[in-house]
Amino acid sequence: MTVATRLANAGDLASLRQKILAGRKSTKIAISVCAGTGCRAQGSMELFEEFQRELQEQNLTDVEVRATGCHGFCEQGPLVVIFPRKIFYRGVKVKDVPRIVEKTIRNNEVVDSLLFKDPATKKKCLLENEVPFYAKQQRIVFRNNGKIDPTQIDDYIAADGYAALAKVLTKMSAEQVIEQVSQAGLRGRGGGGFPTGRKWDICRAQPGDEKYVICNGDEGDPGAFMDRSIMEGDPNSVLEGMTIGAYAIGASRAYIYVRAEYPLAVTNLSIALEQSRSLGLLGENILGSDFSFDVEIVRGAGAFVCGEETALIASVQGDIGSPQQRPPYPAQAGLWGKPTNINNVETWANVPVIIDKGSKWFAGMGTEHSKGTKVFSLVGKVLNTGLVEVPMGTTLREIVYDIGGGIPKKRKFKAVQTGGPSGGCIPESLLDLPVDFEKLTEAGGMMGSGGLIVMDERTCMVDVAKYFLAFLVDESCGKCSPCREGVMQMHSILCRIVQGEGREGDIELLEQLAAYVKESSLCQLGGTAPNPVLSTLRHFRNEYEAHIKDKKCPAGVCTALVEFEVDEELCKGCGLCMRDCPTEAVIGEKKQPHKIDVELCIKCGVCYEDCPFDAVIAK
Amino acid sequence: MTEETIKLTIDNQEVEAEAGQTILDAAKTLGIEIPTLCYHPAVPSAGACRICVVEITAGARGALVPACAYPVQEGLGIQSNSERVRQSRKMTLQLLLARSPGAKIIREMAKEYGCEELRLERKDDDCIMCGLCVRVCQQIIGTAAVCFAGRGPDREVSTPYKLLSDVCIGCGACAFVCPTEAIDPAEFCSNPLEKIANEFNCGLDNRTPVHIPFPQAVPNKPVIDRENCIRFQTGGCGACQSVCPAEAIDYDMEDKTVQEDVGAIIVATGYKLFDTEVFEEYGYGRYPDVVTSLEFERMVSASGPTDGQLYRPSDGKEPKTIVFLQCIGSRREKGGVPYCSKICCMYTAKHTILYKHKVHDGQAFVFYMDVRSGGKNYEQFVRRVLTEKMATYLRGRVSKVFPRNGQLVVRGADTLSGGQVEITADMVVLAPAIQPSPGVQDLAQKLRIGYDQHGFLLEAHPKLRPVETNTAGVFLAGACHSPQDIPDCVAQASAAASKALGLVSHKQLTREPTIGVVNELSCNGCFECENVCAYGAIEHKELRDREGDLTATLAHINEGLCQGCGACAVTCRSKSIEVQGYRDDQMFAAINAISR
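Top line first, the protein sequences correspond to chains A and B.
Going by my numbering, the first sequence opens with residue 1, and the numbers climb by one from there.
Going by my numbering, the second sequence opens with residue 1001, and the numbers climb by one from there.
Calculated directly from the structure, the hints in this document are not laboratory data.
These numbers come from a predicted model, not from an experiment.
A few chain B residues that don't get close to chain A, going by computed Cβ distances all over 12 Å:
hint, residue
1, Glu1187
2, Lys1195
3, Phe1232
4, Gly1236
5, Ser1242
6, Thr1269
7, Phe1279
8, Ser1301
9, Ser1373
10, Asn1405
11, Asp1485
12, Val1490
13, Cys1526
14, Ile1594
Label-pair distances were calculated between CB atoms; the ranges are:
hint, chain 1, residue 1, chain 2, residue 2, range
15, A, Ala260, B, Leu1163, 19 to 29 Å
16, B, Gly1150, A, Asp610, 31 to 41 Å
17, A, Pro582, B, Ala1144, 50 to 60 Å
18, B, Glu1156, A, Ile587, 46 to 56 Å
19, A, Glu599, B, Asp1126, 40 to 50 Å
Derived pair list, reagent style DSBU-like, types lysine-lysine, alpha-carbon separation capped at 30 Å:
hint, chain 1, residue 1, chain 2, residue 2
20, B, Lys1028, A, Lys518
21, B, Lys1123, A, Lys549
22, A, Lys518, B, Lys1104
23, B, Lys1221, B, Lys1195
24, A, Lys86, A, Lys122
25, A, Lys338, B, Lys1007
26, A, Lys412, A, Lys619
27, B, Lys1090, A, Lys549
28, B, Lys1007, B, Lys1028
29, B, Lys1111, A, Lys518
30, A, Lys551, B, Lys1123
31, B, Lys1358, B, Lys1400
32, B, Lys1123, A, Lys518
33, A, Lys518, B, Lys1090
34, A, Lys357, A, Lys28
35, A, Lys409, A, Lys552
36, A, Lys136, A, Lys123
Don't be surprised by glycine CBs; every beta carbon is placed ideally from N, CA and C.
Construct the complete structure from the given sequences, taking the supplied hints into account.
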């Protein structure tokens, strides 16, 4: 922090930015260590400290070490980028630090072994944007992630942060802001895809002076961490977006609802709040205008249903996080009965860029009805897992194959599950689907908050549906009968099916229950809960039939319906399966084809997973 | 805000509703029935059970919405019973039936919708999670003793940490609103309210603090028992006020003292039963199956606590042998009352018939001293009981009632056969003596009327003025005068009413002229006369001068009340009171005339 005095007006902000930039030479060497949750788990904080220690020891005080937000390519962490050349190192360990300092920092040489090797071309990539994972991405929401230190507001200001707010407060009326956001075509990134501008306008039009703005950071989908990375890596962009939104709506108080399981997000947001308050970017008379606004953090206890707006409001109020029947909508009577506008983290983070670069620029990206970019968390059976930001309209094939690098172990792609637990599975035939709100829904999936789980041929779709339903059974608040009882009954039918106790008529019963739960539930958790079943039934009905009629699991996952066997032609007799089998059911000589003793086999599937030659087959 | 009227269409019928009303409210005005489970008019709606879903066909996004929680909107088109709606309700019922197969209301509804066959995995939980109990406790009672705990299928209604609740006031509102009778505050309340005995049913059952005193009460309207009302005792609750559609409940109303000038008073304060507990030999109060005849009367009454079914209080079994004991306290100089209670012989005969009606194979015995059946057709009635063998009559008294093997042994004398008898009975009914109501003596003193040593009020003359008292304008009716049966009470009440009407039907009151008169010139206002007047006829008369200042307070005799007894005349020290027609000069004149 260079200064801690209040900024009296927009001019003060501009001169502060000039001052910060003047102090930073563009040729200055900076080591950016990814301090996102994924890399932290792999030891990036020790790496960060080691860099600091090493530089100190070698008296390289001119070199800056920065712990930044998530770079996105979590699969290859911990990640280190050396500025200004933007040399991209992956899988860096503490023991690599002296080498990097010696070679790259001192002598401007590249440590070859730490570079990323493209598995397709076998070529090494020197720079971040040469890596195929990044090459096809367009980073708008993630504009600062990986570049700035989230705990330093100076970094954000230097990267044109709060310029949009200054513009709004000095040059724009509330109506103009809403107009701008509407024209940009920004739609809610939390799942519903409701036009943000219209949402703001409805809330603005409500009578009363007391209105609230809420940032929904209750990211509950398993495997999704987009919002987490934004809150951890660029908290100020969220705050700036919220401040602009509050100005447009006419609110003076806001809450950020964050899961308590995101301690780093809470810490970084708290730091950002404190720093922006001390600069007068939050609080009374922001930048000398007559607009006053402040934000408070509320930690959620980790209920999936609290991502639903009315349940979230109940939770902020200290009540049980259960949804309420609408109307009244939150825009009419939300928090404490006052008009309330809720947007998701990613939506808020988009706002400053739209104001800054204009609605035309934003609307230039994406498809007819879905503009801008979308962040996806790409996980599952894909080589390059991580966070991916692509323009709307990018095809699933591009995301899975070009960015994700395809399926590991040369297995076949089966489906990609989109939109979180209540999303749907999209089969290979629809891989060329351009991703936007409408297209995904048409295909039986949904945008949701942006989870993408890739599944290969060894995934049983009935089991997948059962897995997601189990999650939804647990996470249903239990208030309305369709969701509480209906999803539970659907789950128990699926349990029967995977146990080999499926009955004639189960599929029809599932369809009946699904249709009922979808249209009779109180909130959208129930309204979308049958999606995993509906979409798998739509695209993989044959797998259900195989389970029920033939009592077989084609993917070899449902152990009750599977028998493992060794293909003697493929088996090389390596002995891996024999070593790992817990019941010593694999028999045979080394270098001779093995056999499985069916009597002893408990169908744990270890051999099936182990075999490097896919010689263990499930029947 | 001004009252807005909103027009909408339900099942193709137009209806007007007020802003803030729900589809369910609007449907009610049209007489359209929509099934509900988690709804109660007094409790804010939640839209949780989804049984009341209706289909929106116009005016908003076409969807199934809960009628109980969806506000009316201009131009809304609703179908309350379309195929889509019925399908949804059927599925809801199947799910709830699978969850709570024991809940009667769910079974009945499922039957109505033709989906009582259980197709889904069964779970035996009577609670359907409608949350009415939670809402009524939080939002109406304001206690929040119970709440939801857990999520999804683990959701349950519970007190915090499932501990006994010390905030629960045991009001029972949760149990009252529960559609499946799945909640009982006695299970979690650390300090449950004491049950309130139903006075009219002799404490044989309980009543709520708000109750209609008895089936034919006039007016037939509920009253709030302040002593037991949570609202009056703690300031909480208020449930009755929020439920009452007529808004008739006002907790701020207080008792009022009403003063009326009247020409006549009829005293009809009734009777009470002798406290039979003092006769330890009969075991009343110790053995639950020993009851009084009034309790028996309530037990066999169709509007009584058992709806007319006769059960033994101890174990609920039908009593196969029953013994009626008459003259409990009556005709008993020592420890009881010397008089005959007059009505017991007849009602016991009636009870034996009622008993035979309820228990065809039962056996009844009656211990009596004398059967006194004076009255029109009374003797024939008793004869019928005896000849039709409704009961075995044993002349004699009972010395002891005691339990043996879950039954009661009645040991007594049969003076006709000259031996002791012992009857093993399931139930014993005592016929207690009749006594005047408590407090009647105080009333008599206020009204200046007489009463006998037992507390029964005295008539002016047993033969000539049986319903009048010595105080003019005060009459007697019913058991305050003596033990009476219903025909006697009615006859006496009619007579008293006629007398009272005769008194007030003329513009002027005609009295005997022989009443006392005060000589105001000599009265010095000592009011000794007031102390001796048995009829309350002495009034205070104020004399004032021209300026209106009080100059003297003198005695004055109310002509309507004075009976001309002359007690005041002999008491007056200044000889200021004389009885007209018996003035000294008139008396002397009379003596002179005689002695001439």
